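Engineer: Here the protein sequences line up with chains S and P, keeping their order.
Quick note, in the numbering used here, the first sequence goes up one by one and the last residue is 330.
Quick note, in the numbering used here, the second sequence goes up one by one and the last residue is 613.
Hints are computed from structural coordinates only; laboratory data are not their basis.
Do not take every clue at face value.
Straight-line distance between alpha carbons at most 16 Å, and here's what the computed EDC-like set of lysine to aspartate or glutamate pairs gives [as the list claims (entries may be wrong)]: (1) Lys612(P) to Asp91(S); (2) Lys241(S) to Glu307(S); (3) Lys50(S) to Glu538(P); (4) Lys41(S) to Glu538(P); (5) Lys439(P) to Asp323(S); (6) Lys279(S) to Glu567(P); (7) Lys279(S) to Glu538(P); (8) Lys453(P) to Asp91(S); (9) Lys121(S) to Glu37(S); (10) Lys553(P) to Glu538(P); (11) Lys439(P) to Glu37(S); (12) Lys182(S) to Glu196(S); (13) Lys50(S) to Asp91(S); (14) Lys612(P) to Asp323(S); (15) Lys604(P) to Asp114(S); (16) Lys438(P) to Glu307(S); (17) Lys602(P) to Asp301(S); (18) Lys22(S) to Glu37(S); (19) Lys275(S) to Glu377(P); (20) Lys513(P) to Glu567(P); (21) Lys279(S) to Glu377(P); (22) Lys604(P) to Asp62(S); (23) Lys338(P) to Glu365(P); (24) Lys438(P) to Asp9(S); (25) Lys448(P) to Glu3(S); (26) Lys551(P) to Glu583(P); (27) Lys318(S) to Asp257(S).
This one's a predicted model, so the numbers in the text were calculated from it and none came from an experiment.
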Amino acid sequence: MIETIYVEDAIKNHPRTKFILKKFKKSRIIAINKYVEIFNKRNQNFRIQKANPNLILAHKKDSFVLPTPEGFGIGSSKNFYFSHMYNCIYDCRYCFLQGMYSSAYYVIFVNFEDFEIALKKTIENNLSSKLTFFSGYDCDSLAFENVTGFAKHILSFFKKHPQFEIEFRTKSIQKEPFLSTKPMRNVILAYSLMPELMSSSLDNKAPSISKRIRVISELASRGWKIGLRFDPLIHGKNWKKLYQELLDNIYNNISLDSLHSVSFGSLRFPKRMFKDIFKLYPNEPLFTGPLSHKNKMISYDIEIEEEMTSFCKNLSLKYVNEDQIFKCSI
Amino acid sequence: MKNFKIKKSSVRWVVALKEEAQVILDHFELKVVNEKTIYPIYKNKQETHWLIISGIGQSNAAASTAYLYLYSEASTYTSWINVGIAGSDKGNYGDLYLVDKISTYNRKKSTFPSTMPKTYLPKMHLFTSDIPISNYSTHELIDMEGSAFFDIASKLTSKELICLMKVISDDPYNDIKNITKKKISKLIKENLSKIIDVISYYERLSEEESQIAEKPKLFYKIKSTWHFSVTQSHRLETLLRRVESFCNKNDIEEKIKGCETSNSVINVLNSKIKNNLVNWSKF
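Please take these sequences and the hints and turn them into a complete structure.
Structural biologist: Shown next, in the form of structure tokens:
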């Protein structure tokens with residue numbers, strides 16, 4: 001239940017604003033000039049807001065499509081991302097969004113058409129390169145799909161541009177618009193995964209791993225390309241056993257032909273971000289693990305990172321080719 | 331060892347008139363402080379609730395909020411409450427409303443207090459004026475202090491810990507000129523149970539925030555035994571928070587008792603963290 005929806009005056013009559021507001025008939029609507037009047041202001045408490053987040057409908061003015069940070073990608077020469085939304089309906093304890101904004105309210109930018117214009121420009125400027133676009137870097141790309149309809153909208157763009165890849169990265173079990181659309185070769189549905197035991201403690205409000213695997217299996221069997229994202233890898237007691245069970249479970253439950261790529265990423269926070277997140281959740285079990293400070297980053301020791309990555313990679317090599325495996329190093 | 335006094339919840343009230351405050355003073359058993367103060371200040375025995383009578387107008391509201399903050403040594407997890415009367419032709423005479431948007435003549439931009447979630451209480455926008463207004467048509471609620479109170483309070487605490495509540499005291503049928511001290515007290519009294527409901531939410535919030543901000547149990551004891559620089563103190567606090575989550579106080583004390591320097595205390599705690607295998611089945 002979203003209690004309050006703030007709506008920028010400029011988009012109050014936008015058809016998508018009306019479409020979204022129809023879904024929240026009981027919410028209180030408050031007119032605002034700019035979303036920054038509410039969002040990410042000083043002296044906001046992320047943790048308190050996260051308990052009952054409100055929604056902001058806004059118009060995005062610029063920075064629609066941006067290059068991804070170095071080390072983020074799945075094999076293309078150039079990678080870009082775009083976010084129609086800031087913040088996430090899930091509350092995962094390792095997520096960088098906790099330290100990114102001081103506000104936990106959801107911001108939805110309703111001018112989807114401007115994302116398309118920016119995508120076209122990016123494509124025109126990079127015609128000779130292999131491009132991959134990532135949807136939802138600042139949010140989960142599908143978790144709020146039943147409210148926004150963004151994935152459905154942007155799919156039609158990529159239908160017209162089959163030579164460019166788009167990845168939807170998610171923890172959701174949202175199956176639409178993929179059940180009602182014919183599979184597209186350039187679309188990757190990428191699922192973030194970790195052992196159920198860890199996920200049940202860390203992936204607050206997100207669907208269980210077993211539910212995610214069921215959805216992956218269903219969409220894979222319909223012909224959609226699947227990405228498996230073990231990012232971040234979480235350390236702890238029996239981690240080898242837990243990851244072995246998880247990997248075997250997934251690889252034995254999906255059609256391997258549908259696998260586009262597998263990636264592994266380490267748990268890493270910029271020092272400043274860690275400080276903010278730790279302040280919010282000082283008693284969080286995740287932070288009692290062997291995380292240490294190195295080169296302005298907080299992470300597991302390099303030996304742990306490498307042991308976990310190579311263990312999971314070696315297990316995966318039984319099922320997938322080496323050129324399908326990537327390491328996310330941001 | 332520093333005598334670290336933990337006050338559980340912490341609430342500060344800014345109220346314009348004594349007549350608005352009287353019911354609150356009685357209910358929370360607030361007594362006037364035994365000192366000469368610029369504005370009248372009241373507090374309860376436990377010093378968890380403090381109330382200041384600001385007088386009418388934005389300058390008074392701003393000054394008294396800042397004054398109470400300093401005088402009562404409020405913290406960053408203190409909840410700040412403004413209760414008072416307001417004019418309106420949009421709501422019902424005598425009803426209590428929460429405020430979720432504030433505007434003034436002088437400022438283009440509005441401000442947006444967050445309100446208590448899951449409440450049955452109605453919400454309205456507040457317009458803060460420097461002069462009494464009897465033409466209610468262009469605004470929802472009209473008062474003379476709310477905007478200044480919110481501006482100052484939101485510099486002192488998180489916006490989520492600030493609450494403005496208004497009881498409608500005048501409208502086209504109840505002339506502003508006919509407001510009496512007795513009527514004001516009666517209007518607040520009739521809404522006291524609702525006000526208490528709201529306050530219990532802000533008390534809880536403040537208490538939760540204070541618990542999260544509380545230093546680890548061993549922090550002051552360790553600091554009094556070894557000398558820590560400012561940077562080392564921060565390091566010690568963070569490490570203790572992490573270690574105390576999986577290791578009991580006695581075990582930590584046992585581990586560090588042979589340490590000769592603050593550096594070796596930090597090294598011992600670091601090594602506890604480094605060797606901790608999180609048991610995810612426990613969470």
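Engineer: Of the hints stated earlier, which fail here?
Structural biologist: 1, 4, 5, 8, 9, 10, 12, 14, 15, 16, 18, 19, 20, 21, 22 and 23
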